[in-house]
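There are 2 protein chains.
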Amino acid sequence: MLHGKVLVAQGGGPTAVINQSVAGVVLEARKFRNVDLVYGAWHGVRGIVNEDFLDLTQETSHNLEMVADTPSSALGSTRDKPDLKYCQEIFKVLKAHGIAYFFYVGGNDSSDTVRIVSEEARKAGYPLRCMHIPKTIDNDLVLNDHTPGFPSAARFVAQSFMGANLDNAALPGVYLAVVMGRHAGFLTAASALGKKFPDDGPHLIYLPERTFKVEKFLGDVKATMDKHGRCVVAVSEGIHDETGAPIVTQLAKEVEKDAHGNIQLSGTGALADLLCDEIKGKLGYKRVRGDTFGYLQRSFVGCVSDVDQREAREVGEKAVQFAMWGQNDGSVTIQRTGFYSVDYKLMPLEAVAGKTRTMEDAFISESGTDVTDAFRMYLRPLLGKGMPDAFRLRLNNVPKVLNP
Amino acid sequence: MLHGKVLVAQGGGPTAVINQSVAGVVLEARKFRNVDLVYGAWHGVRGIVNEDFLDLTQETSHNLEMVADTPSSALGSTRDKPDLKYCQEIFKVLKAHGIAYFFYVGGNDSSDTVRIVSEEARKAGYPLRCMHIPKTIDNDLVLNDHTPGFPSAARFVAQSFMGANLDNAALPGVYLAVVMGRHAGFLTAASALGKKFPDDGPHLIYLPERTFKVEKFLGDVKATMDKHGRCVVAVSEGIHDETGAPIVTQLAKEVEKDAHGNIQLSGTGALADLLCDEIKGKLGYKRVRGDTFGYLQRSFVGCVSDVDQREAREVGEKAVQFAMWGQNDGSVTIQRTGFYSVDYKLMPLEAVAGKTRTMEDAFISESGTDVTDAFRMYLRPLLGKGMPDAFRLRLNNVPKVLNP
Numbered sequence: 072m073l074h075g076k077v078l079v080a081q082g083g084g085p086t087a088v089i090n091q092s093v094a095g096v097v098l099e100a101r102k103f104r105n106v107d108l109v110y111g112a113w114h115g116v117r118g119i120v121n122e123d124f125l126d127l128t129q130e131t132s133h134n135l136e137m138v139a140d141t142p143s144s145a146l147g148s149t150r151d152k153p154d155l156k157y158c159q160e161i162f163k164v165l166k167a168h169g170i171a172y173f174f175y176v177g178g179n180d181s182s183d184t185v186r187i188v189s190e191e192a193r194k195a196g197y198p199l200r201c202m203h204i205p206k207t208i209d210n211d212l213v214l215n216d217h218t219p220g221f222p223s224a225a226r227f228v229a230q231s232f233m234g235a236n237l238d239n240a241a242l243p244g245v246y247l248a249v250v251m252g253r254h255a256g257f258l259t260a261a262s263a264l265g266k267k268f269p270d271d272g273p274h275l276i277y278l279p280e281r282t283f284k285v286e287k288f289l290g291d292v293k294a295t296m297d298k299h300g301r302c303v304v305a306v307s308e309g310i311h312d313e314t315g316a317p318i319v320t321q322l323a324k325e326v327e328k329d330a331h332g333n334i335q336l337s338g339t340g341a342l343a344d345l346l347c348d349e350i351k352g353k354l355g356y357k358r359v360r361g362d363t364f365g366y367l368q369r370s371f372v373g374c375v376s377d378v379d380q381r382e383a384r385e386v387g388e389k390a391v392q393f394a395m396w397g398q399n400d401g402s403v404t405i406q407r408t409g410f411y412s413v414d415y416k417l418m419p420l421e422a423v424a425g426k427t428r429t430m431e432d433a434f435i436s437e438s439g440t441d442v443t444d445a446f447r448m449y450l451r452p453l454l455g456k457g458m459p460d461a462f463r464l465r466l467n468n469v470p471k472v473l474n475p
Numbered sequence: 072m073l074h075g076k077v078l079v080a081q082g083g084g085p086t087a088v089i090n091q092s093v094a095g096v097v098l099e100a101r102k103f104r105n106v107d108l109v110y111g112a113w114h115g116v117r118g119i120v121n122e123d124f125l126d127l128t129q130e131t132s133h134n135l136e137m138v139a140d141t142p143s144s145a146l147g148s149t150r151d152k153p154d155l156k157y158c159q160e161i162f163k164v165l166k167a168h169g170i171a172y173f174f175y176v177g178g179n180d181s182s183d184t185v186r187i188v189s190e191e192a193r194k195a196g197y198p199l200r201c202m203h204i205p206k207t208i209d210n211d212l213v214l215n216d217h218t219p220g221f222p223s224a225a226r227f228v229a230q231s232f233m234g235a236n237l238d239n240a241a242l243p244g245v246y247l248a249v250v251m252g253r254h255a256g257f258l259t260a261a262s263a264l265g266k267k268f269p270d271d272g273p274h275l276i277y278l279p280e281r282t283f284k285v286e287k288f289l290g291d292v293k294a295t296m297d298k299h300g301r302c303v304v305a306v307s308e309g310i311h312d313e314t315g316a317p318i319v320t321q322l323a324k325e326v327e328k329d330a331h332g333n334i335q336l337s338g339t340g341a342l343a344d345l346l347c348d349e350i351k352g353k354l355g356y357k358r359v360r361g362d363t364f365g366y367l368q369r370s371f372v373g374c375v376s377d378v379d380q381r382e383a384r385e386v387g388e389k390a391v392q393f394a395m396w397g398q399n400d401g402s403v404t405i406q407r408t409g410f411y412s413v414d415y416k417l418m419p420l421e422a423v424a425g426k427t428r429t430m431e432d433a434f435i436s437e438s439g440t441d442v443t444d445a446f447r448m449y450l451r452p453l454l455g456k457g458m459p460d461a462f463r464l465r466l467n468n469v470p471k472v473l474n475p
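Protein sequence lines, in the order shown, are assigned to chains E and H.
Sequence positions in the first sequence follow this note's numbering and run 72 to 475.
Sequence positions in the second sequence follow this note's numbering and run 72 to 475.
I should point out that these hints are in silico values taken from the structure, not numbers from a laboratory.
Do not rely on the hints blindly, as some may be mistaken.
Identical copies look the same in the list; a pair holds intra-copy or inter-copy alike.
Said to hold, decoys possible - Derived pair list, reagent style DSSO-like, types lysine-lysine, alpha-carbon separation capped at 30 angstroms: (1) K156 / K357; (2) K267 / K456; (3) K471 / K152.
Put together the whole structure using the sequences plus the hints.
Okay, here's the thing in structure tokens:
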């Protein structure tokens, strides 16, 4: 076992359970006698190069448990994507502070940072154990059954669509909501888990794994309106045309061409608004509403999967166990072992770093606008216990008197 | 006691607890021997004129309880605002079906419908008891301490800002979210209940009860950024200039003028996007994000106040009791009697119908961009039990080594 300090940091977008992983690292690391102190970096890799460290051996176990239950990154995060030079700066600081164990909780970019720092340490012959701990609501890390943060965000999306479908049934029309996930459609697909009855929405689901054609989309919406008199649509923010160009740009260009002016498309509500305009303009429906779930889906307080919480805790704890009792740097991954149970494996950093997973074909229906039962089987156990359920009145119709 | 059928209907925008009121009416009304049958109108007053009725004496108590716990209007709703002629049609149908008791769950417009139908019955000498049951997430009904539906929506908004504040603290910048409430700022003001520590957001709250000036707004944002290095803003969708013109129109005009073209402003994300553009363009901050809570705040499944649930149930039950044991038509109102307890009073329909309550001055801080402790005392008990809490790590800083 290496002797020295432990450093833990958080990178990228916050999740509902990312603090569980930090608590897992800190509480486990504090048990080991070869650990001098446990530091937390303030705002990820940016905090490391700035030497902004918190001494987490001064933090009470009780408060760590409270923080673990609090969403978003308690150590602060960063959008910095370190290049080689940046990673060399990181390594310099780690050495200066006598860090022997480096744990970084994050997604693709973060795992690549860990990989480069690990290489720098090896090249310099400095004894440093580097561990990547998975986290991302997009669920786009390879070699993982799923990633911590995704189940809670998926639960938020499923519950949102469950409610939106009830709202749309009460006041019929077209309802469309844009969900996060630029390259992987897992989170958008989670909207399907809000369905109960056969005529429930979302009736249409558009994923970045399939090419989006505006004309086809309008046809799908019309067919749904003809069938149900209402239509609930889930759209991934990452939908694109056959060239890979985002649909938001394509629609904005059309508007630009029409108006002979420049439109700044910087707001997050743009895609939903533009798709609604298409529906109103070309199909003529009056009641068309578009929402963009925005930041709520990754930071809403009070909608969390207990499965996600315990797994996020465990990947942190396992990272320390792999680091202390093992001989290799790596990325902790989640492997499904039953319906439902998981185990954790340490994978080489090169096998995970910088790679992007997208939805398997088996998860997407042939129509391209729905998910399969395989996906429902995959996702349901991740959402955890206490999922809300929606009930409706039975249609015991009364005979008409005036106009029978 | 009148002898005949009972009819219950739901109007206006759905809430998280509006089905509790229907369950309260149905379960209580089914106990009375002078009641022939209990009908529900399908999609509010529209369902009445179309004679689209469900026989709710065929519905199990168990399913009624399940539906009561389900958000949105289980009987369907409508945006129809009946005029005199429409109300005469309603009255004609009520008479034809032998309705002796009419219960309408809704807001301002719905109470006015009940008032007109009540007058028509009196003029015709037809024995009809008409009851308005309050409901609105806007909390804008006069003579009520608050209205069912508001507490659960307020809880959603408070929890949303609690999470958004944590997200913004992890990745600093400007975060702005637009909240429902065209004339009354109660729901936007509820964002303040997500605050815990003095530097928590929302740092700025813009209500329709105060005139919105874009220059002042930009100054407020800059001052907050200078002080905290980040800024969380809650904005009511109803903000307007001194002439009462919506800010979204004003900003859209500016953009139009700049671009020499036409921009269609039909999407719900427009106000947030335009305000973000102002901040980016005039203050130069890079990380500026705008969300619009949209339909989530009134129909999200799984964020409900238990206080709201029981009160929504009680106003339904009380409406039946007032109707059966009393001699007057009216509107059921909620009166606060303790910290925290309530009682219900029947008020004349004319006293409630068509009137709009806005936030009391005592609830708004002198700055106009925050709420007072009086508002916190007012709102906190309504949010119910089990409100989430946010915890942070204590700042036990580590001395720097390389750059001390």
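Status of the hints after comparison with the structure:
For a Cα distance limit of 30 angstroms, the shortest separation of K156 from K357 across copies, 24 angstroms, qualifies, whereas the shortest one inside one copy, 55 angstroms, does not. Taking the closest pair of Cα atoms, K267 and K456 come within 30 angstroms of each other both inside a single copy (17 angstroms) and across two copies (28 angstroms). Proximity of K471 and K152 under a CA criterion of 30 angstroms is satisfied inter-copy only: 23 angstroms between copies versus 67 angstroms inside one chain copy.
The earlier numbered hints are all upheld by this structure, with none contradicted.
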